[in-house]
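Undergrad: Residues per chain, in single letters:
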Amino acid sequence: MASVIVAAACIFLSCSASVAHGRRFVRSSSYDKPCKEMRLYLHDILYDYSNSTANSTSAAAAKPTALATAVPSTGGTFFGQVVVFNDPMTEGRALPPSLEETAVRAQGVYLYNSKEAFNAWFAFSIVFNSTGRRGTLNLMGADIIAEKTRDISVVGGTGDFFMSRGVATLRTDAFEGFTYFRLQMDIKLYECYVV
Amino acid sequence: MASVIVAAACIFLSCSASVAHGRRFVRSSSYDKPCKEMRLYLHDILYDYSNSTANSTSAAAAKPTALATAVPSTGGTFFGQVVVFNDPMTEGRALPPSLEETAVRAQGVYLYNSKEAFNAWFAFSIVFNSTGRRGTLNLMGADIIAEKTRDISVVGGTGDFFMSRGVATLRTDAFEGFTYFRLQMDIKLYECYVV
Amino acid sequence: MASVIVAAACIFLSCSASVAHGRRFVRSSSYDKPCKEMRLYLHDILYDYSNSTANSTSAAAAKPTALATAVPSTGGTFFGQVVVFNDPMTEGRALPPSLEETAVRAQGVYLYNSKEAFNAWFAFSIVFNSTGRRGTLNLMGADIIAEKTRDISVVGGTGDFFMSRGVATLRTDAFEGFTYFRLQMDIKLYECYVV
Numbered sequence: 009m010a011s012v013i014v015a016a017a018c019i020f021l022s023c024s025a026s027v028a029h030g031r032r033f034v035r036s037s038s039y040d041k042p043c044k045e046m047r048l049y050l051h052d053i054l055y056d057y058s059n060s061t062a063n064s065t066s067a068a069a070a071k072p073t074a075l076a077t078a079v080p081s082t083g084g085t086f087f088g089q090v091v092v093f094n095d096p097m098t099e100g101r102a103l104p105p106s107l108e109e110t111a112v113r114a115q116g117v118y119l120y121n122s123k124e125a126f127n128a129w130f131a132f133s134i135v136f137n138s139t140g141r142r143g144t145l146n147l148m149g150a151d152i153i154a155e156k157t158r159d160i161s162v163v164g165g166t167g168d169f170f171m172s173r174g175v176a177t178l179r180t181d182a183f184e185g186f187t188y189f190r191l192q193m194d195i196k197l198y199e200c201y202v203v
Numbered sequence: 009m010a011s012v013i014v015a016a017a018c019i020f021l022s023c024s025a026s027v028a029h030g031r032r033f034v035r036s037s038s039y040d041k042p043c044k045e046m047r048l049y050l051h052d053i054l055y056d057y058s059n060s061t062a063n064s065t066s067a068a069a070a071k072p073t074a075l076a077t078a079v080p081s082t083g084g085t086f087f088g089q090v091v092v093f094n095d096p097m098t099e100g101r102a103l104p105p106s107l108e109e110t111a112v113r114a115q116g117v118y119l120y121n122s123k124e125a126f127n128a129w130f131a132f133s134i135v136f137n138s139t140g141r142r143g144t145l146n147l148m149g150a151d152i153i154a155e156k157t158r159d160i161s162v163v164g165g166t167g168d169f170f171m172s173r174g175v176a177t178l179r180t181d182a183f184e185g186f187t188y189f190r191l192q193m194d195i196k197l198y199e200c201y202v203v
Numbered sequence: 009m010a011s012v013i014v015a016a017a018c019i020f021l022s023c024s025a026s027v028a029h030g031r032r033f034v035r036s037s038s039y040d041k042p043c044k045e046m047r048l049y050l051h052d053i054l055y056d057y058s059n060s061t062a063n064s065t066s067a068a069a070a071k072p073t074a075l076a077t078a079v080p081s082t083g084g085t086f087f088g089q090v091v092v093f094n095d096p097m098t099e100g101r102a103l104p105p106s107l108e109e110t111a112v113r114a115q116g117v118y119l120y121n122s123k124e125a126f127n128a129w130f131a132f133s134i135v136f137n138s139t140g141r142r143g144t145l146n147l148m149g150a151d152i153i154a155e156k157t158r159d160i161s162v163v164g165g166t167g168d169f170f171m172s173r174g175v176a177t178l179r180t181d182a183f184e185g186f187t188y189f190r191l192q193m194d195i196k197l198y199e200c201y202v203v
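Protein chains in written order, with the working numbering: chain A, 9 to 203; chain B, 9 to 203; chain C, 9 to 203.
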């Protein structure tokens, strides 16, 4: 009966809904009203941090040597460089006490794809592993670093984020040479299966 | 008329449907009732199998040498290693007679993204090429190897799997050192365009 | 009121719609009637073009040397080769006057994944940056080069292509050894948020 009411309401409220095993499909009725949203910070510690890889959270694929040595051959923008990462994510800006054990991690790959300027492309999963949130969100998209903010797609999800879709807005929140950068991610889901 | 009945039925059965060129959109009404499901096994034969690449179905990107040599610099978990694969998939566990010609193949990339333990991330297509099934499913997600099962997203499809979405549950079914592993994939689609 | 009419109409016209902040969700009612479609040509200039990388629009990941040197170890099909690209896209076949500044670009990665024949896999974003169109489409899928046409998935979008999904049909339109190839992409979106 609840689903009938939901469906009927949706016709008038311009959303759409169906019930799946206790979860109900919801399509947001407005950009400003995502069915779920959160702000997270991604911390990426490059592999040559402090001239050591002890604290690094990312590594260049197949060539784990200092990024600096790549400069001459790529003109300083690392065109062609593929970087694998497993970065802690936090709700505040501060680095977590432990880089390995965090409730939220971003796991995947980014690559530098311009000869003219720093420009990147991302494909990764956000892995949630706490009592409050369990599951993953899967994202991909162009990180046009020259733009103040840039949008990438949330293309799917699992667990608490079962089948979700949406958009994540990226903003460079800190950039410390080749040692560390922090990305602010405003994640807004517009298709959810809510409990 | 059929579509009207389908749409009307969906309001009460908590699914949603529309008709597309003989195909009808169906959103599953329950986790337990995907609109399509299948179990497949992925066979990955690493490039240093039998100290030879004759039978390999995968290759380390840009550095096709023995994985073993990567151990010292990555601490044994291959952090940063990107592997391109073109793996046969089967409905049963047995390796197919021919590794090159199979009706179902997984084509794409996985990478190792942890310094602490074996942990992977996948992005790939399942390519179906038989009289019964033709088309592709596109998947991506975190393969948290430490978990007994882990879910990744089916983010799209083509051909017989036109515009599908869903979840695939991965389980390590066999793991033989650096020579072979077999993944069981339970694929459940929750958004389908059915005939 | 408009949304009610749209929703009511959709029940009979076999599409589904909801209104989001001035945008309305539309699911196509037929393969032949995508909610948005376009034809674009992707121009990929390999990194060893004219024995120089001056005009290249792509680069082998982590090993920016001539592709030719990779031939012996991969049997000529570049199995395992990952290529990062940032390619101009055009509405006509002709190369754009400037390779760097175009209104439409494809940014991402492709890889060669067969030992037997040329076979590729793509994951990338199409970045639109003109007064008429702004935003991105995100795509992934198997590029089975042996097939005359092959379909990959549009898994998401941003900006003018907010939350879009669909299918892109690829066709090799030109192939000049290891120096240049041109792909025709017929992009059809079946889930749109239209203004």
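Since the hints were made in silico from the structure, they are not lab data.
None of these values were measured; they are calculated from a predicted model.
Errors might be hidden in some of the hints.
Unchecked claim - Pairs of lysine to aspartate or glutamate, DMTMM-like flavour, derived with a Cα cap of 25 Å:
1. A/196 - C/168
2. B/156 - A/108
3. A/156 - C/108
4. A/44 - C/168
5. C/196 - B/109
Undergrad: Would you mind marking each hint as holding or not holding in the structure?
TA: Cross-check of the supplied hints:
Only pairs whose Cα atoms come within 25 Å are accepted, and residue 196 of chain A paired with residue 168 of chain C is accepted, the gap being roughly 16 Å. Proximity of residue 156 of chain B to residue 108 of chain A is assessed by CA-CA distance (about 20 Å); at most 25 Å being required, the pair is judged to hold. Using a Cα cut-off of 25 Å, the hinted pair residue 156 of chain A and residue 108 of chain C holds, with the two alpha carbons roughly 20 Å apart. At roughly 21 Å between alpha-carbon atoms, residue 44 of chain A and residue 168 of chain C fall within 25 Å of each other, so this suggested pair holds.
As the CA atoms of residue 196 of chain C and residue 109 of chain B are separated by approximately 31 Å, the hinted pair breaks the 25 Å bound.
Checked against the numbered hints above, the structure breaks only hint 5 and satisfies the rest.
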